Amino acid sequence: MRIFLSYSFSALATFIHSFLAGLISNGMFLLVTEMVITGVSLIVFLVLLCFFLGYMERRVAAFMEIRLGPNRVGPQGTLQIVADTVKLLFKEGLTPDSSDKFLFNLAPFIMVVASMLVVAPIAFAKDFQLYDINIGVLYVSAVSSISVIGILMAGWSSNNKYSLLGAMRSGAQIVSYELSVGLSLISIVILSGSLSLGDIVKSQENGWWIIKGHIPIIISFVIFVIASTAEINRAPFDLAEADQELTGGFHTEYAGMKFAMFLLSEYINLFVVSAIAATLFLGGWMPFHIGGLVSFNHIMDYIPSSLWFFGKTFFVIFIIMWFRWTFPRLRVDQLLTLEWKYLLPISMVNVIFVTVMAIMGWHL
Amino acid sequence: MSTEELKNSITAILPSSTFDETGEFLNVVITSEELLPLMNTLRTKSEFDFDFLFCLTCIDWKDHLMMVYHLLSKTHQHTLVIKAKIADRNNAQIETVCNIWRTAEFHEREVFDLFGVKFINHPDLRRLFLSDDWVGHPLRKDYTDENMISL
Amino acid sequence: MRGLIGEDILTEEGEFIINMGPQHPSTHGVLHLKIWLDGETVKRIQPNLGYIHRSIEKMSESLSYRNFIFATSRMDYLAAHVNNEACALTVEKGLQLEVPQRAKVIRTILSELTRLQSHQLWWGCTGLDLGGVTPFFYAFREREAIMEIFEETCGARLTQNYMVPGGIMYDVHPNFQKRVKDVMIQIKGKFEEYDNIMTGNVILENRLKGVGYLSKEDALSYGVTGPTARASGLSCDLRKSNPYSAYDQVQFDEILDTGGDCYARYMVRMREMRQSVSIIEQLIDNIPEGDFQAKTKNVIKLPKGEFYQRVETPRGELGVFIVSDGAASPYRIKYRSPGFSNLSALPIMAKGGKIGDLVAIMATIDLVIPDIDR
Amino acid sequence: MEGKLTFPGQIHETTDGGILVTKLDDVINWARSNSLWPLVFGTSCCAIEMMSAADAKYDWSRFGFEVARATPRQADLIIVAGTIVMKMAPVLKRLYDQMPDPKYVIAMGACTISGGPFFYNTYSVVKGVDHVIPVDVYIPGCPPRPEALLHSMITLQEKIKHEQYFKKKIEEIR
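Protein chains in written order, with the numbering used here: chain Z, 1 to 364; chain F, 1 to 151; chain R, 1 to 374; chain X, 1 to 174.
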């Protein structure tokens, strides 16, 4: 009961830890057991989350496109994605004859692992974080770019010209947009003075950075959302897949479960990117606080921190989906122009503004 | 230019041509060898200025093939039909006009494909609609095909 | 550079060849394009046709003058009424038949409705090709309303076969006028929505402006017609220059643009839709009473001779060339289809652009492959 | 008791593989039938009606069919929408071969069933797509209405629901 009232998961974690410690005496073995439990539950959680995101995407698309969307399989179509996944599981897992079989089969796993790794430092709720690395922001931006290797691997090993073109596009795209993502993350690091995601969330106790940081942080937020949409290859930046140009881009030759893993990693990436945006700019699990208004802040505290986190994350996810279903796709040179001529200079200047703001203490 | 003026001007250029005025347009019947010089004149000479080849096709009259060129001048708004008679059905060939009107390139490939008329100096004379190993030219009247079921 | 199976993926000149189609989402059917690429830049294109060549011309030679019209509905299926009208007009020209005024007006209204729905579908598919899925659904919403009118009028949604030599096959449904008026009010309200979702979009403008330039001279030389040519400043609207049916009774503008690029083609079509609405509104209250079909013999025989009729379809100039030897079926039929000539200009338009540009160009030429292949 | 312990009574071989197998089959059939991803493939008029079936009025996304894939590797279903001519037939065959199992084919419209309006006096039309690839469901019409296409896809769903994937696997092992 106390666990629920305090809205903190530390009690739950302590309970599980002490329960396991009672069973297993060996410290090393205990650690491994706990890791396995955490890992499995994380994967299950992410897969379920992707089911939901897939469903949400199709319903949001339908909503934008004045139609209904899946509503026959299960109540309101909720089981549609389950059906799709089970079907893909039992679909023939084709490996084309002329492909590089090892790389071809490895690529989807790299994609999924790369996107799952980024989940580690994210704080889902108060005291609910897998591992609060002290260089969390650095870790996130470093690990998230591993996925480009997966894409290049998939594109090259397929031995298909469309796949190769898609992979090349994606390589150029992710490497470029990484810069803007990094610079907009840095502006928060400058203000909060920490690379740890836990500390960054705590630094927003008296107001979220998007409110405290005035216009420069709003600009970084916008740049972050645009650049990370590009980084996770979603429309209007989905040039690597570009149905109408490259039929399927880097995953043209993938079938069955291997293709499902690309979908899985796409949705995990979507979640991760939105979660990072929510953590850095919108306060993560931190409730809506206004510095000085104690009673108001107390009332806000009654809303569980996990609800705050997922509320914000899904808000960002909805924005990214909204992009996808309203904008046409950019051309490949325009994509790079947007990054190198607009986003990068703007974010560089913005970092200077943020630094000045941080030194002068103009932020709230 | 009116039909009568057109007739006179063309007779001045090519006395051997014959005219047929029964239809909507003025038809000029020539032989296949006379085609290219006449077409060049019709395109370049400013009094004709036929700048738009709006239809190019062929008719199989069983004993000979007839190329039909529908010409239009956007500046003078007059229309003319040139008919070039190809006497030799088995070795049908005629000069290409695709250097004069670019649109002829595709139309001539179509005629080559379906009628088997060879266009001399055509830049890329291949079958257009049918696969390269197709035997025969289907729009000829004597074309037979075992897959073709007649009603 | 070598591929994994030891096969060169680049040619000796360092070109990268890809085959787009026959099955490819942006070729609008089964067109095959062989593309020589330098990186992402298109160096050369070779269209390869015939994947839907259905031998309509050969087939028509053994059909009667009443029957051959049905195949043209399947040629350019987005403009079936216009195609049927072209054939009917040619046969009427041969018979020297005067069509009743009522049939003329109804033909014109239906042709313009056809143009409207064709342009709407084009608009939706352009959005789809450029990567924005949503316009497709907005376009189809209004298109379905027009489809319902067609269905009520003649029982078919796409392949109508409603215009016959002498007029129209049956009289229109009593609801016709009311429904058309309702749909026109609906559509007029939606143009602004179309502009909001697509025309004003900065990404769309960047994708289309300056892309796929076609000069007026090239357009004329390649025989390009329709909105594609009019966007290059080439005046070629047959409804104005050679009016048929009831086009001489209505006021409308020939839409011309001088841009010559994809954006100009886009804008020409967007503006043409408004003109079509205006034409329909002028005619819908003035459908004269009287016969809907002139009397024709049961077996139509055209006199010996050649008959040519040009009409303006949503894609350009359709020519129907009938050669008659006096028998009950045509001796030779040639369809000069608009898409065929428009496609021949694709290689010069796409040269030097990116793959994404090629998709945009194909979208704005508005290709219908069965119309090209016949 | 020493020696072999025998099961008291008789073991009856169940004809359809027992409850576990049938239930698994039910699950797979449910998943497969509810997740038919069509290939973006249309040759002529029927393709427009196929697009109409995707639009807001008919909306095949209700059944989960809207994930149209451009690449045959990821598709479960070819809707052959439009005439197939001699030049296209090898391409269609290749597309079909490129699809992973299980794969289904719907022949949409008269042309794909028999050549339809292009049956007589044509030299290039394949008279029925079943000369090229096996067909599961035929829909007549020229072109069929979008409702008819939806009906055919629901019919295909019913057909899939009677498949016995695991039972066949077990029989293969035996």
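Mixed in with the good hints there might be a few duds.
Stated by the list, open to error - Cβ pair distances, simulated, as ranges:
| hint | chain 1 | residue 1 | chain 2 | residue 2 | range |
| --- | --- | --- | --- | --- | --- |
| 1 | R | Arg-274 | F | Asp-142 | 49 to 57 angstroms |
| 2 | F | Ser-2 | R | Glu-151 | 29 to 37 angstroms |
| 3 | F | Lys-62 | R | Asp-291 | 39 to 47 angstroms |
| 4 | F | Glu-146 | R | Gly-233 | 45 to 53 angstroms |
| 5 | R | Gly-352 | Z | Asp-199 | 49 to 57 angstroms |
| 6 | R | Gly-39 | Z | Pro-75 | 43 to 51 angstroms |
| 7 | R | Lys-240 | F | Asn-99 | 27 to 35 angstroms |
| 8 | F | Gln-93 | R | Gln-186 | 53 to 61 angstroms |
| 9 | Z | Phe-63 | R | Gly-14 | 34 to 42 angstroms |
| 10 | R | Gln-46 | Z | Asp-333 | 22 to 30 angstroms |
| 11 | R | Gly-352 | Z | Asp-97 | 49 to 57 angstroms |
Said to hold, decoys possible - Stretch by stretch, here's where chain Z covers chain X in the computed footprint (C-beta under 8 angstroms, at least three residues):
| hint | stretch |
| --- | --- |
| 12 | 22–35 |
| 13 | 56–64 |
Claimed, not checked - Derived list of chain Z stretches under chain R, where covered just means 3 residues or more per stretch with a C-beta under 8 angstroms from a C-beta of chain R:
| hint | stretch |
| --- | --- |
| 14 | 62–70 |
| 15 | 244–255 |
| 16 | 329–337 |
Bear in mind the hints are in silico, worked out from the structure with no lab data behind them.
Source: prediction; values computed, not measured.
Glycine included, every Cβ here is placed at the ideal spot set by N, Cα and C.
Structure-inconsistent hints, enumerated in ascending order: 2, 9, 11
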